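Enquirer: Listed below are the residues making up each chain.
Protein chains: 2
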Amino acid sequence: MVNVEQVLAAAHDARSAFAALPPEVRAGALRGIADTLDAAAGELVPLAHHETRLPPTPRLHAELERTTFQLRLLAEAVIDGGYLEVTIDRPDTCWPAGGRADVRRMLVPVGPVVVFAASNFPFAFSVAGGDTAAALAVGCPVVLKTNPGHPLLSERTAELVAAALADDVPAGAFGWVRSEADGRTAVRDPRVRAGAFTGSLAGGRALYDLAAARPDPIPFHAEMGSVNPVFVTSSAAAERAEGIAEGYVGSFTLGAGQFCTKPGLVFVPAAAAPAFEAALAAELAGRVAAPLLNAGIAESYAAGVDTLRQHPAVRVLVSGVDSAPTLLGCDAADFLTARGSLAVECFGPTSMVVRYSSERELLACARSFTGELTASVHGSPADDVAQVLVADLTDRVGRVLWNDWPTGVAVTYAMHHGGPYPATTAPEHTSVGTASLRRFLRPVAYQNVPQALLPAALRDGNPLGVPRRVDGRAR
Amino acid sequence: MVNVEQVLAAAHDARSAFAALPPEVRAGALRGIADTLDAAAGELVPLAHHETRLPPTPRLHAELERTTFQLRLLAEAVIDGGYLEVTIDRPDTCWPAGGRADVRRMLVPVGPVVVFAASNFPFAFSVAGGDTAAALAVGCPVVLKTNPGHPLLSERTAELVAAALADDVPAGAFGWVRSEADGRTAVRDPRVRAGAFTGSLAGGRALYDLAAARPDPIPFHAEMGSVNPVFVTSSAAAERAEGIAEGYVGSFTLGAGQFCTKPGLVFVPAAAAPAFEAALAAELAGRVAAPLLNAGIAESYAAGVDTLRQHPAVRVLVSGVDSAPTLLGCDAADFLTARGSLAVECFGPTSMVVRYSSERELLACARSFTGELTASVHGSPADDVAQVLVADLTDRVGRVLWNDWPTGVAVTYAMHHGGPYPATTAPEHTSVGTASLRRFLRPVAYQNVPQALLPAALRDGNPLGVPRRVDGRAR
Numbered sequence: 001m002v003n004v005e006q007v008l009a010a011a012h013d014a015r016s017a018f019a020a021l022p023p024e025v026r027a028g029a030l031r032g033i034a035d036t037l038d039a040a041a042g043e044l045v046p047l048a049h050h051e052t053r054l055p056p057t058p059r060l061h062a063e064l065e066r067t068t069f070q071l072r073l074l075a076e077a078v079i080d081g082g083y084l085e086v087t088i089d090r091p092d093t094c095w096p097a098g099g100r101a102d103v104r105r106m107l108v109p110v111g112p113v114v115v116f117a118a119s120n121f122p123f124a125f126s127v128a129g130g131d132t133a134a135a136l137a138v139g140c141p142v143v144l145k146t147n148p149g150h151p152l153l154s155e156r157t158a159e160l161v162a163a164a165l166a167d168d169v170p171a172g173a174f175g176w177v178r179s180e181a182d183g184r185t186a187v188r189d190p191r192v193r194a195g196a197f198t199g200s201l202a203g204g205r206a207l208y209d210l211a212a213a214r215p216d217p218i219p220f221h222a223e224m225g226s227v228n229p230v231f232v233t234s235s236a237a238a239e240r241a242e243g244i245a246e247g248y249v250g251s252f253t254l255g256a257g258q259f260c261t262k263p264g265l266v267f268v269p270a271a272a273a274p275a276f277e278a279a280l281a282a283e284l285a286g287r288v289a290a291p292l293l294n295a296g297i298a299e300s301y302a303a304g305v306d307t308l309r310q311h312p313a314v315r316v317l318v319s320g321v322d323s324a325p326t327l328l329g330c331d332a333a334d335f336l337t338a339r340g341s342l343a344v345e346c347f348g349p350t351s352m353v354v355r356y357s358s359e360r361e362l363l364a365c366a367r368s369f370t371g372e373l374t375a376s377v378h379g380s381p382a383d384d385v386a387q388v389l390v391a392d393l394t395d396r397v398g399r400v401l402w403n404d405w406p407t408g409v410a411v412t413y414a415m416h417h418g419g420p421y422p423a424t425t426a427p428e429h430t431s432v433g434t435a436s437l438r439r440f441l442r443p444v445a446y447q448n449v450p451q452a453l454l455p456a457a458l459r460d461g462n463p464l465g466v467p468r469r470v471d472g473r474a475r
Numbered sequence: 001m002v003n004v005e006q007v008l009a010a011a012h013d014a015r016s017a018f019a020a021l022p023p024e025v026r027a028g029a030l031r032g033i034a035d036t037l038d039a040a041a042g043e044l045v046p047l048a049h050h051e052t053r054l055p056p057t058p059r060l061h062a063e064l065e066r067t068t069f070q071l072r073l074l075a076e077a078v079i080d081g082g083y084l085e086v087t088i089d090r091p092d093t094c095w096p097a098g099g100r101a102d103v104r105r106m107l108v109p110v111g112p113v114v115v116f117a118a119s120n121f122p123f124a125f126s127v128a129g130g131d132t133a134a135a136l137a138v139g140c141p142v143v144l145k146t147n148p149g150h151p152l153l154s155e156r157t158a159e160l161v162a163a164a165l166a167d168d169v170p171a172g173a174f175g176w177v178r179s180e181a182d183g184r185t186a187v188r189d190p191r192v193r194a195g196a197f198t199g200s201l202a203g204g205r206a207l208y209d210l211a212a213a214r215p216d217p218i219p220f221h222a223e224m225g226s227v228n229p230v231f232v233t234s235s236a237a238a239e240r241a242e243g244i245a246e247g248y249v250g251s252f253t254l255g256a257g258q259f260c261t262k263p264g265l266v267f268v269p270a271a272a273a274p275a276f277e278a279a280l281a282a283e284l285a286g287r288v289a290a291p292l293l294n295a296g297i298a299e300s301y302a303a304g305v306d307t308l309r310q311h312p313a314v315r316v317l318v319s320g321v322d323s324a325p326t327l328l329g330c331d332a333a334d335f336l337t338a339r340g341s342l343a344v345e346c347f348g349p350t351s352m353v354v355r356y357s358s359e360r361e362l363l364a365c366a367r368s369f370t371g372e373l374t375a376s377v378h379g380s381p382a383d384d385v386a387q388v389l390v391a392d393l394t395d396r397v398g399r400v401l402w403n404d405w406p407t408g409v410a411v412t413y414a415m416h417h418g419g420p421y422p423a424t425t426a427p428e429h430t431s432v433g434t435a436s437l438r439r440f441l442r443p444v445a446y447q448n449v450p451q452a453l454l455p456a457a458l459r460d461g462n463p464l465g466v467p468r469r470v471d472g473r474a475r
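Keeping their order, the protein sequence lines are chains A and B.
This note's numbering puts the first residue of the first sequence at 1, with every later residue one more than the last.
This note's numbering puts the first residue of the second sequence at 1, with every later residue one more than the last.
What the hints contain is simulated information worked out from the structure, not anything from laboratory work.
Which residues of chain B face chain A? A partial, calculated answer using Cβ under 10 Å:
| hint | residue |
| --- | --- |
| 1 | GLU65 |
| 2 | ARG72 |
| 3 | VAL86 |
| 4 | THR87 |
| 5 | ILE88 |
| 6 | ASP92 |
| 7 | ALA194 |
| 8 | THR370 |
| 9 | SER376 |
| 10 | LEU393 |
Covered stretches of chain A (in silico footprint by chain B; criterion: 3 or more residues with CB under 8 Å from a CB of chain B, positions within the stretch not fixed):
| hint | region |
| --- | --- |
| 11 | 205-215 |
| 12 | 421-432 |
On a predicted model such as this, the values are computed, not experimentally measured, just so you know.
Each residue gets a CB set at the ideal place from its N, CA and C atoms; glycine is no exception.
Using the sequences and the accompanying hints, generate a full structural model.
Expert: Next comes the structure, spelled out in structure tokens:
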């Protein structure tokens, strides 16, 4: 078993050769990982089920499919080359304020990245998940810290990734460590140039603090979850309470509520609340308990639900035994007074109905959020309050949904999975979708550099055929 | 005189209305500032000269011209709209891993930004400089902390900016504070969502640490200067030592060496060094002392030069009296041993010639840098070492120059003025050029949101005519 120093040294040694690989080789490496993982589904899915208790079908098979699709979509983005943001200024002695030289700018990989795997997506946000895929895609070696929740799956996935890469990329472009101490060592190591994390607020913040306190601080991209409020307008509640109740229960119980986009709060008009709560209770009546990921998460969940239940402002609407869904309720006035105790992420199948008595109170609740991955509005475009809600939520969240549910984050070009703190430590970036590549890149400009010494993407004639802006215009 | 709380409250109150302004209004506001400052040149340039001792012609007039050009170029970028990075996924039930909804992503302003003005560019990096222009361009209110080096000019410029904005934008979109304490208060204030700074390593790092230590950390973009090494290959030294010596002296004495891109070190082959040093001495013989910006900078400069002169490895090649240029020298072997004491930014008209005895030693010196704004290579494309040098420097700096000098950073589309720490605290971003807008933006995705509730840039039919990517392709 290699130690953390060997992994770090190998990543550092690999960085230049890895960064210099042609795009088709890096894309081929990503596709090779995807093919390898797909071929090993029969081995990996049972292992994942054994360690996480998540159901093989549809969940784990679908998650593995998502993971390999993600690798292939990022491979396409690497070939497309738009992510390089190539920008070329031709020399111009008449350019205002002193003329300009030949300046050519592109994004280059930052160097080795430490990636902390999550517990709740043993494929999609773990060893070969989105962070690893994005870093490898742009040419950054990855030092992967495995999640202790699925050690055997992590080990096997890491071996498969390493084997898939062996022919195409320098040794050291992918390595892994297992202990928290090794993870912290990697965050502090001068050879590591960026970090990525998916997990709890406490865990993400501690690592961000380590990264920021280095003699040479590095960007640290922690995605730390969210309460993901849902706002139901009066007209929506009047028109389709049952449909909304059904969708809401489906969303907050998906994956036993262990998603960072789980809706943790739904705001409904007080007048419609009794009927809505009854519809929720009916919907939940048929739901059985799904096991949580592991004993540690089950314990935290039980403690979290217990604290909420005992809060004087909280009503218990449906009391789930063990990990069967628990539904809580409170009034908006109390929510606004005690939001520090009530607007807390509770990882597992629970959520809270908040009754608001006026649109003014609804907006006050919406404006009480400061950093969320998502917020959802269920309404009608004719609602006067909808325009205000959408604008106000834009200020506070990474993704605004309309008559839709936040769980199930599609891997696409336009997806944004991020948000202001405490949703993430890096509000400028997403950890899902093709834009996630930008996290592990930084710009370099070449001034007056001869053709032969320029990277291929910047040369005259555009030999790589990448999208470019020349003299400020797309070419 | 308004206090910091009033400025912060006004910026916070202005943020939504300011962000919602149509692009042509924000662009018009930037052009209004530019026109106002141009019209006030007769008043501002003498004030700047009085406070900074920089020559009115060509320097201060040229710098004001650069500043107003920067405002107008960013106004053009606002109208172009490419900076919004609009990306649209049309709904597709067949999209792998579960289908996808209608998802539309764009960048939105982060909110109020605190900007710390620099001492050395009283126009271009001060009250109405690049940071202010970029933040206002994208719709972020600015809380400007003036630089104590030019208080009267700062006050007058700020009044002119505020007056120019008065008709077009909400009150509070631009405000200013004067004391260090007020600047720190702003960095810590929850209403402030990002920071920008140009100045010393110690100052920038202290503010970055404050921003990172907040209960809710915010991005802090500090540009903290650099040593900007220059590497001269054997063939270049043999072919054109005098031309290089002339260019080098011009660059390191420009603005009395008070530029963050001042070349502080030049690496020359030992064999050619005596002739090169003689050429430098001849070039410097005719140079007179230019006054430094203020007493504090003069004192720091004197102390810094003194420390370098007294270093046992350092030779004094030209000893400048007061602030006349001082040229130092050392050997690469000593440089590599004592680089912590020798590769230090000394703000003022001094630089050091480092004699290297082999290409191996040259590359070792190049590889000893970790984070610089620029590095320059003077060579011939036929040099075997040139390819290696350019690749290695790409790993370490923000801008690589070939047979050119780093001072005089053009304001263009492709310019990158940034670099890994300690050049900046935010290696992903530039503080000069149109790409500087990206610092004060974050993405938001809208999922399934009806046309009437979408921002104009995301609506069907592209009413703003901005560049967009639809289903992964440029449209």
